[in-house]
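K.L.:
Whenever a hint applies, use it, and build me the whole structure from the sequences.
Taken in sequence, the protein lines are chains D and V. For what it's worth, our numbering labels the leading residue of the first sequence as 63, then goes sequentially. For what it's worth, our numbering labels the leading residue of the second sequence as -7, then goes sequentially.
Any given hint might turn out to be false.
Stated by the list, open to error - Here are the in silico distance ranges between beta carbons for each label pair:
#1 V:D99 / D:I197: 53 to 61 Å
#2 D:Y468 / V:V98: 18 to 26 Å
#3 D:R474 / V:D81: 46 to 54 Å
#4 V:P74 / D:R89: 24 to 32 Å
#5 V:S119 / D:Q139: 56 to 64 Å
#6 D:G156 / V:G44: 41 to 49 Å
#7 V:L159 / D:D347: 51 to 59 Å
#8 V:D100 / D:K432: 28 to 36 Å
As the list claims (entries may be wrong) - Covered by chain D, per the in silico footprint, the following chain V stretches (three or more residues, Cβ under 8 Å):
#9 59 to 71
#10 90 to 100
Keep in mind the hints are simulated off the structure, nothing from the lab. We put the beta carbon where it would ideally sit given N, CA and C, even for glycine.
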Amino acid sequence: MATLTVSTRVGLVAPWVEWEKRCTDGRRLLEAGTYALTEGAIAAGCRVFAGYPITPATDIAEYMSKRLPQVGGYYVQSEDELAGMHACAGASLGGLKAMTATSGPGYTLMHDAYGWSITNEIPMVVVDAMRVGPISGITGAPGQGEFYIARYASHGGNFETIVLSPSSVQEAFWLTIDAFNLAERFRTPVTILTDQVISDMWEDLFIPADYDALDFVIPRKHNLMMPFYPVGSADLDVPPNLIGRGTGVCVSAYTHTEEGYDIEDMAAQWAQTYRLINKIRHHTDQLARYETLGLEDAEVVAVAYGANARTVKTGVLEARRRGVKAGFVRPITLWPFLDELYERDCRYVVCELNYDGQLVREVMRAAPDKKKVHFMGKSAELHTVAEVAAGLEGVARSNRVPELPYIWTEVR
Amino acid sequence: MATATGTRTEILISGFGGQGVVRMGQILGLCAINQGHRVTMLKSHGTETRGGYVRAQLVISPEYVDSPVVEHADVFVAFSQPAYKKFYDLCDGTVMYDPELFENVVDDAPERHLAVPATKLSKEKFSNQLFANRIMLGALTRVASLDYEAMRKAMLEVIPRFHEQNLAALDFGYRLS
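P.N.:
If you want it as structure tokens, here you go:
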């Protein structure tokens, strides 16, 4: 099992730290997260988008409909989200990199296509721009309600998933390229779990001048030979299967052999599951992307991802100014869950945009003492800096989050 | 951006959909980026495009902006009475408002209130109210000590048409005393 050593210094651990240093020739724009997600996909070589528009992901579809024809790609307005993701699976099996984008109400329709894509090891990228729910909730308000759904994106169990979450417009650009790279390397759909704030907000954005010069983009390769499904193996970098060029690979919803034929057999079920779980679990060291601050002396650590990590980080700095030994953890890789980030025996304050408590449950599981894990749930609006600083101060001084309007602290 | 404080500057703009709230934020933001600053702009709105409430929250800083949320606005541009009422408490600095769109303002801090009769002046100068936003932007450029030439350039980058009138309106707002 791969393990991960967590740096206690201030900083960001992600492949784009290096990419940013190498890319200096480009333009600085004021653009939205949806624009960055689109351009990141184009830069990564995405040439098919099939989906159904929904706020706050509609602009991705709109940008894609303009951009893909310019680069020789294909835009498909599908009849619904289920068809959209299945069309992306077909496109990927046809040899092209593909992406779809949606929000919660559309995301729930994609689970059948997720199952097919995970089982048949079909690379693609799915963007879910979360809004507050349940169901349609408030269209223009952020939520973080799909943390667990993105992990369990299909029924039936027996698989791992890769889920990443950006917290700025610039990061959305790099992270999208990273998501495509991971999809190729791990032969699986990679989910970008973003939210209404990141997709809708405008921010300064650096776009490299020449996408063809980005040598860190992993190009599409084709697996034309048996075994199409390396069941029983956890190997990475097995090229994706290609259909329709005399390869003879089969795609099936059933448990399959290494050729892709249906089989009802315990040994085959074991071998397929070994592959789907361990190709990810055995390589978690290659999936760790996170940001930390102040962990070297922190007595209370705020945990947040996505948009509200922005205000939470400022809240941590504000708490430090008030003399609280506060730290900050921002997981960028949400799944597989980076347990190692919570090894430190201290108090944790988990800030997320839901009231039921999702991320907080995983932190409770991973932390040395779950009684020291506190919850600050909010819904439809980002945590304010004042709220975060008050919460951290309360936990540091009296082991409890103070009562604050619209902040939920009960986990069970 | 040459602001009074030189560090993090928070600007809040709010009004009804169709008044150019987001457009104003976009011009301001691009102007700051062109001058080498980091910028965030949150925009929130109701379901309606025209007539509903709209808010733009801008943060401009020489450094990467962590929190994009405006909690202590240096400048608040209020284009409607409901927007003013809703967000007044978030402003520590100057409130710029268009008196024609207002019934009243609070009287506890007159020194922080600046009436800019943009709608009235737009009607007088341009025979319609469409240029009120640009007049307000010109006034804001002055109030926030922003670089006027950079603002003109950013505006022309963002606005696709009617450059002459837009420039005239911006200039008019900038020269209001």
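K.L.:
So the hint says 53 to 61 Å: do the beta-carbon atoms of D99 (chain V) and I197 (chain D) match that?
P.N.:
45 Å, violated
K.L.:
Could you say whether the range 41 to 49 Å given as a hint is met by the Cβ separation of G156 (chain D) and G44 (chain V)?
P.N.:
43 Å, holds
K.L.:
I want to verify a distance hint. Is the separation of the beta carbons of P74 (chain V) and R89 (chain D) within 24 to 32 Å?
P.N.:
Violated - the Cβ-Cβ distance for P74 (chain V) and R89 (chain D), about 38 Å, lies outside 24 to 32 Å.
K.L.:
CB of L159 (chain V) to CB of D347 (chain D), is that within 51 to 59 Å?
P.N.:
This hint holds: roughly 57 Å between Cβ atoms.
K.L.:
When you take the CB atoms of S119 (chain V) and Q139 (chain D), is the distance between them in 56 to 64 Å?
P.N.:
Cβ of S119 (chain V) to Cβ of Q139 (chain D): about 42 Å, so the range 56 to 64 Å is violated.
K.L.:
Could you tell me whether the CB distance from D100 (chain V) to K432 (chain D) stays inside 28 to 36 Å?
P.N.:
The hint (28 to 36 Å, Cβ to Cβ) is violated, given that D100 (chain V) and K432 (chain D) are roughly 48 Å apart.
K.L.:
Are there at least three residues in the segment 59 to 71 of chain V whose beta carbon sits under 8 Å from a beta carbon of chain D?
P.N.:
Contact hint for the segment 59 to 71 of chain V vs chain D: holds, 4 residues under 8 Å.
K.L.:
With a C-beta cutoff of 8 Å, work out whether three or more residues of the segment 90 to 100 of chain V approach chain D closely enough for the coverage to hold.
P.N.:
violated (count 0)
K.L.:
Holds or violated: the 46 to 54 Å window for the beta-carbon distance between R474 (chain D) and D81 (chain V)?
P.N.:
35 Å, violated
K.L.:
Holds or violated: 18 to 26 Å for the Cβ distance of Y468 (chain D) and V98 (chain V)?
P.N.:
25 Å, holds
The structure does not agree with the numbered hints 1, 3, 4, 5, 8 and 10 stated previously, though it agrees with the rest.
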